[in-house]
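From just these sequences and the hints, can you work out the full model?
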Amino acid sequence: QSALTQPPSASGSPGQSVTISCTGSDSDIGSYSYVSWFQQLPDKAPKLILFEVNKRPTGVPDRFSGSKSGQTASLTVSGLRAEDEAVYYCCSYARVNNFLFGNGTKVTVL
Amino acid sequence: DVQLLESGGGSVQPGGSLTLSCVASGFTFDNHAMAWVRQAPGRGLEWVSSISSGTITYYADSMGGRFTISRDTSKGMLFLHLNSLRADDTAIYYCSKPRTNWPFDAFETWGRGTLVTVSS
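First to last, the protein sequences are chains E and A. Take 1 as the starting number for the first sequence in the numbering used here and just add one per residue. Take 1 as the starting number for the second sequence in the numbering used here and just add one per residue.
For the record, the hints were derived by calculation from the structure and aren't laboratory data. Glycine included, each C-beta is placed from N, C-alpha and C at the ideal position. Treat the hints with care, since some could be wrong.
Here are some of the chain E residues that sit facing chain A, going by a computed Cβ distance under 7 angstroms [unchecked claim]:
1. Y32
2. A45
3. P46
4. F99
5. N103
6. T105
In structure tokens form, the structure reads like this:
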């Protein structure tokens, strides 16, 4: 089963918002609200920033928000900061093969 | 604090085997499912395997039945035995703890990873 589809890159100036899409199918995002998002800084392990589409773990700023419509989930980072520059991955529970990750989106803060 | 510390990575020839270990601390290991996720150099994340708080195991189809996940609750350790290794198994292997005991919950905590390099 193929990875979830994310744009390879996104960018924004400090203070602006950036939205990243994550497109799957009826076998994953379209059927389940178990979508999570991870932030990976260079040479670091991934960090969970959203789970169950739009819930934030303790300590994650509310600048990070999520949504889902049909087969597509989205992550929005508002009030961009230099430290938000990272690669972001989506992940969904899937009927077949249990977990699917997106291919990652590199966010650049201009 | 919840901590996960992987070890056991290294260089191995194609066709070889390796066992990865993960020491867990800061939570009740017996009560939690655990997982392995890997990342090839410069590539994205890929789920490898999960294990319930008991002994129910789950594997990504793409691993081709070559890997075995297990746990030792008395030692608070998770293992991944890698067999018939191929060049495309070269990756950082992360140990991860899901948010809850449900094996398919979001990966909440990650270790630093251990690098496996398969090359002749």
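Hint check:
Because the beta carbon of Y32 of chain E sits about 9 angstroms from the nearest beta carbon in chain A, more than 7 angstroms, this interface hint is broken. Annotation: interface hint on A45 of chain E holds; nearest CB of chain A at approximately 4 angstroms, less than 7 angstroms. Because the beta carbon of P46 of chain E sits about 6 angstroms from the nearest beta carbon in chain A, less than 7 angstroms, this interface hint is met. The interface hint given for F99 of chain E holds, since its Cβ lies 4 angstroms from the closest Cβ of chain A, which is under the 7 angstroms cut-off.
Proximity of N103 of chain E to chain A holds as hinted, the smallest CB-CB distance being about 5 angstroms (cut-off 7 angstroms). With its C-beta approaching chain A no nearer than about 10 angstroms, T105 of chain E sits outside the 7 angstroms limit, and its interface hint is violated.
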